[in-house]
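K.L.:
Model the full structure from these sequences, guided by the hints.
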Amino acid sequence: MSDSGDGLATFDIYLTVMDCRSQLVRSTHGPVGVGTPALGMVDLRTMERKLQECSELYGDAGFMEGKWLALAAQQGSIEAKLYYTIDTATVLGDPFERLNNPESIIAWKENAATYLHDVAATGNLDAVLRLSDAYDRGLIVQKNREMAYAYALAANRIQPGLSAPITMRDLEEGLSIKQRESAIALSRRIYSSCCEP
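This note's numbering runs 1057 ahead of the 1-based position in the sequence shown.
Just so you know, these hints were derived from the structure itself, not from any lab. The reader is advised that the hints may include incorrect statements.
Stated by the list, open to error - In silico SDA-like links for lysine to any residue, alpha-carbon gap of 25 Å or less:
hint	residue 1	residue 2
1	Lys-1200	Arg-1237
2	Lys-1200	Pro-1254
3	Lys-1200	Trp-1165
4	Lys-1200	Lys-1235
5	Lys-1166	Ile-1143
6	Lys-1200	Ile-1143
7	Lys-1124	Ser-1061
8	Lys-1124	Thr-1147
9	Lys-1200	Ser-1239
10	Lys-1200	Ala-1170
11	Lys-1200	Val-1148
12	Lys-1124	Met-1075
13	Lys-1235	Asp-1190
14	Lys-1124	Asp-1193
15	Lys-1107	Gln-1132
To be verified - Using C-beta positions, here's what the derived DEER-type ranges look like:
hint	residue 1	residue 2	range
16	Lys-1200	Gly-1062	50 to 58 Å
17	Gly-1218	Phe-1120	38 to 46 Å
18	Glu-1230	Glu-1160	34 to 42 Å
19	Ile-1223	Gly-1116	47 to 55 Å
20	Thr-1145	Asp-1117	23 to 31 Å
21	Thr-1171	Ala-1146	14 to 22 Å
22	Pro-1222	Glu-1167	31 to 39 Å
23	Met-1058	Lys-1235	47 to 55 Å
24	Glu-1154	Leu-1108	25 to 33 Å
25	Arg-1245	Met-1121	21 to 29 Å
Since the model is a prediction, treat every value here as computed from it, not as a measurement. For every residue, glycine included, the Cβ atom is placed at its ideal position computed from N, Cα and C.
P.N.:
Here it is, written out as C-alpha coordinates:
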(Lines of atoms letter the chains of each structure in order from A and count residues from 1; the text may use other names and numbers.)
(Lines give C-alpha, C1' and ligand atoms only; values in the text may rest on other atoms or scores of the structure.)
Protein backbone atom coordinates (compact mmCIF):
# COMPACT_ATOMS: atom_id res chain seq x y z
CA MET A 1 0.00 0.00 0.00
CA SER A 2 2.88 2.33 0.77
CA ASP A 3 4.40 1.64 -2.64
CA SER A 4 1.11 2.65 -4.25
CA GLY A 5 1.21 6.05 -2.51
CA ASP A 6 -0.89 5.40 0.61
CA GLY A 7 0.41 7.94 3.14
CA LEU A 8 -1.37 6.30 6.07
CA ALA A 9 0.27 2.95 5.31
CA THR A 10 3.67 4.62 5.06
CA PHE A 11 3.05 6.43 8.33
CA ASP A 12 2.19 3.08 9.94
CA ILE A 13 5.55 1.77 8.76
CA TYR A 14 7.26 4.76 10.35
CA LEU A 15 5.44 4.13 13.65
CA THR A 16 6.38 0.44 13.54
CA VAL A 17 10.04 1.23 12.91
CA MET A 18 10.06 3.76 15.77
CA ASP A 19 8.41 1.24 18.10
CA CYS A 20 10.96 -1.45 17.20
CA ARG A 21 13.86 0.97 17.69
CA SER A 22 12.42 1.91 21.08
CA GLN A 23 12.12 -1.75 22.06
CA LEU A 24 15.72 -2.41 21.06
CA VAL A 25 16.93 0.52 23.19
CA ARG A 26 14.80 -0.59 26.15
CA SER A 27 16.10 -4.15 25.88
CA THR A 28 19.71 -2.96 26.11
CA HIS A 29 18.99 -0.72 29.11
CA GLY A 30 16.76 -3.17 30.98
CA PRO A 31 13.00 -3.09 31.50
CA VAL A 32 11.23 -0.46 33.54
CA GLY A 33 10.02 -1.73 36.91
CA VAL A 34 12.55 -4.53 37.37
CA GLY A 35 12.82 -3.63 41.06
CA THR A 36 9.29 -4.93 41.61
CA PRO A 37 9.22 -8.66 40.78
CA ALA A 38 5.63 -8.82 39.47
CA LEU A 39 5.92 -5.67 37.41
CA GLY A 40 9.34 -6.70 36.14
CA MET A 41 8.03 -10.07 34.91
CA VAL A 42 5.11 -8.47 33.06
CA ASP A 43 7.41 -5.90 31.48
CA LEU A 44 9.95 -8.60 30.54
CA ARG A 45 7.26 -10.68 28.84
CA THR A 46 5.94 -7.66 26.95
CA MET A 47 9.45 -6.68 25.91
CA GLU A 48 10.27 -10.22 24.80
CA ARG A 49 7.08 -10.37 22.70
CA LYS A 50 7.82 -7.00 21.11
CA LEU A 51 11.43 -7.97 20.35
CA GLN A 52 10.17 -11.17 18.73
CA GLU A 53 7.71 -9.19 16.60
CA CYS A 54 10.47 -6.82 15.51
CA SER A 55 13.21 -9.44 15.04
CA GLU A 56 12.76 -9.76 11.27
CA LEU A 57 12.91 -5.99 10.84
CA TYR A 58 16.17 -5.54 12.76
CA GLY A 59 18.09 -7.40 10.07
CA ASP A 60 16.70 -5.27 7.24
CA ALA A 61 18.75 -2.06 7.32
CA GLY A 62 16.88 -0.66 4.31
CA PHE A 63 13.59 -1.03 6.12
CA MET A 64 14.82 0.22 9.51
CA GLU A 65 16.69 3.20 8.01
CA GLY A 66 14.07 4.10 5.40
CA LYS A 67 12.83 7.68 5.17
CA TRP A 68 9.29 6.60 6.00
CA LEU A 69 8.23 9.78 7.79
CA ALA A 70 9.31 12.09 4.97
CA LEU A 71 7.67 9.80 2.41
CA ALA A 72 4.41 9.61 4.37
CA ALA A 73 4.32 13.41 4.60
CA GLN A 74 4.96 13.71 0.85
CA GLN A 75 2.16 11.21 0.26
CA GLY A 76 -0.24 13.47 2.18
CA SER A 77 -0.64 11.87 5.61
CA ILE A 78 -1.79 14.62 7.99
CA GLU A 79 -0.25 12.83 10.97
CA ALA A 80 3.06 12.46 9.12
CA LYS A 81 3.09 16.15 8.22
CA LEU A 82 2.75 17.04 11.90
CA TYR A 83 5.35 14.50 13.04
CA TYR A 84 7.70 15.74 10.31
CA THR A 85 7.86 19.11 12.06
CA ILE A 86 8.61 17.48 15.44
CA ASP A 87 10.79 14.42 14.79
CA THR A 88 13.84 16.17 13.37
CA ALA A 89 16.15 13.30 14.34
CA THR A 90 14.32 10.95 11.97
CA VAL A 91 14.11 13.45 9.13
CA LEU A 92 17.53 15.11 9.44
CA GLY A 93 19.63 12.47 11.17
CA ASP A 94 21.97 13.05 14.07
CA PRO A 95 23.59 16.47 14.72
CA PHE A 96 26.82 15.48 12.95
CA GLU A 97 24.91 14.61 9.78
CA ARG A 98 23.18 17.99 9.98
CA LEU A 99 26.50 19.81 10.23
CA ASN A 100 27.72 18.03 7.11
CA ASN A 101 24.53 18.82 5.22
CA PRO A 102 23.20 22.29 6.08
CA GLU A 103 21.07 22.28 2.91
CA SER A 104 18.95 19.54 4.47
CA ILE A 105 18.00 21.90 7.31
CA ILE A 106 16.88 24.54 4.82
CA ALA A 107 14.80 21.95 2.94
CA TRP A 108 13.34 20.67 6.23
CA LYS A 109 12.29 24.18 7.27
CA GLU A 110 10.61 24.82 3.92
CA ASN A 111 8.80 21.48 3.98
CA ALA A 112 7.85 21.83 7.65
CA ALA A 113 6.36 25.30 7.07
CA THR A 114 4.41 24.06 4.04
CA TYR A 115 3.14 21.01 5.93
CA LEU A 116 2.05 23.05 8.95
CA HIS A 117 0.13 25.48 6.75
CA ASP A 118 -1.45 22.59 4.79
CA VAL A 119 -2.61 20.85 7.96
CA ALA A 120 -3.74 24.08 9.65
CA ALA A 121 -5.91 24.77 6.59
CA THR A 122 -7.87 21.60 7.44
CA GLY A 123 -8.75 23.05 10.86
CA ASN A 124 -6.29 20.88 12.76
CA LEU A 125 -5.85 22.56 16.14
CA ASP A 126 -2.38 21.10 16.74
CA ALA A 127 -1.11 22.59 13.48
CA VAL A 128 -2.64 26.00 14.23
CA LEU A 129 -0.97 26.01 17.66
CA ARG A 130 2.34 24.85 16.21
CA LEU A 131 2.22 27.68 13.67
CA SER A 132 1.63 30.18 16.46
CA ASP A 133 4.65 28.76 18.28
CA ALA A 134 6.72 28.61 15.08
CA TYR A 135 6.08 32.29 14.34
CA ASP A 136 6.75 33.19 17.97
CA ARG A 137 10.10 31.36 18.11
CA GLY A 138 11.22 31.83 14.52
CA LEU A 139 12.65 28.31 14.15
CA ILE A 140 10.66 26.91 11.23
CA VAL A 141 9.45 30.21 9.78
CA GLN A 142 10.77 33.73 10.13
CA LYS A 143 9.89 35.18 13.53
CA ASN A 144 6.72 37.25 13.31
CA ARG A 145 4.88 38.19 16.52
CA GLU A 146 1.87 39.45 14.63
CA MET A 147 1.43 36.08 12.88
CA ALA A 148 2.07 34.23 16.16
CA TYR A 149 -0.70 36.24 17.81
CA ALA A 150 -3.06 35.73 14.85
CA TYR A 151 -2.65 31.94 14.94
CA ALA A 152 -3.11 31.89 18.73
CA LEU A 153 -6.32 33.89 18.31
CA ALA A 154 -7.47 31.47 15.60
CA ALA A 155 -6.74 28.52 17.91
CA ASN A 156 -8.85 30.16 20.60
CA ARG A 157 -11.67 30.55 18.09
CA ILE A 158 -11.44 26.83 17.28
CA GLN A 159 -11.40 25.92 20.97
CA PRO A 160 -12.37 28.87 23.18
CA GLY A 161 -10.24 29.37 26.28
CA LEU A 162 -7.48 27.14 24.95
CA SER A 163 -4.61 29.57 25.48
CA ALA A 164 -4.18 31.02 28.93
CA PRO A 165 -4.73 34.79 29.17
CA ILE A 166 -1.09 35.24 30.22
CA THR A 167 0.07 33.48 27.04
CA MET A 168 -2.12 35.74 24.93
CA ARG A 169 -0.80 38.81 26.75
CA ASP A 170 2.78 37.65 26.13
CA LEU A 171 2.08 37.28 22.41
CA GLU A 172 0.28 40.62 22.26
CA GLU A 173 3.05 42.43 24.13
CA GLY A 174 5.13 44.68 21.93
CA LEU A 175 2.60 44.78 19.10
CA SER A 176 1.34 48.18 18.03
CA ILE A 177 -2.40 48.86 17.92
CA LYS A 178 -2.26 48.56 14.13
CA GLN A 179 -0.44 45.20 14.37
CA ARG A 180 -3.01 43.91 16.88
CA GLU A 181 -5.87 44.94 14.62
CA SER A 182 -4.12 43.30 11.67
CA ALA A 183 -3.58 40.09 13.69
CA ILE A 184 -7.24 40.01 14.73
CA ALA A 185 -8.35 40.41 11.10
CA LEU A 186 -5.88 37.72 10.00
CA SER A 187 -7.10 35.35 12.73
CA ARG A 188 -10.64 35.75 11.39
CA ARG A 189 -9.44 34.89 7.86
CA ILE A 190 -7.48 31.87 9.16
CA TYR A 191 -10.55 30.66 11.05
CA SER A 192 -13.01 31.26 8.22
CA SER A 193 -10.78 29.49 5.68
CA CYS A 194 -10.32 26.38 7.80
CA CYS A 195 -13.09 26.05 10.28
CA GLU A 196 -16.32 27.93 9.56
CA PRO A 197 -19.20 25.67 8.53
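K.L.:
So, against the hints stated earlier in the document, which numbers end up violated here?
P.N.:
2, 14, 15, 16 and 25
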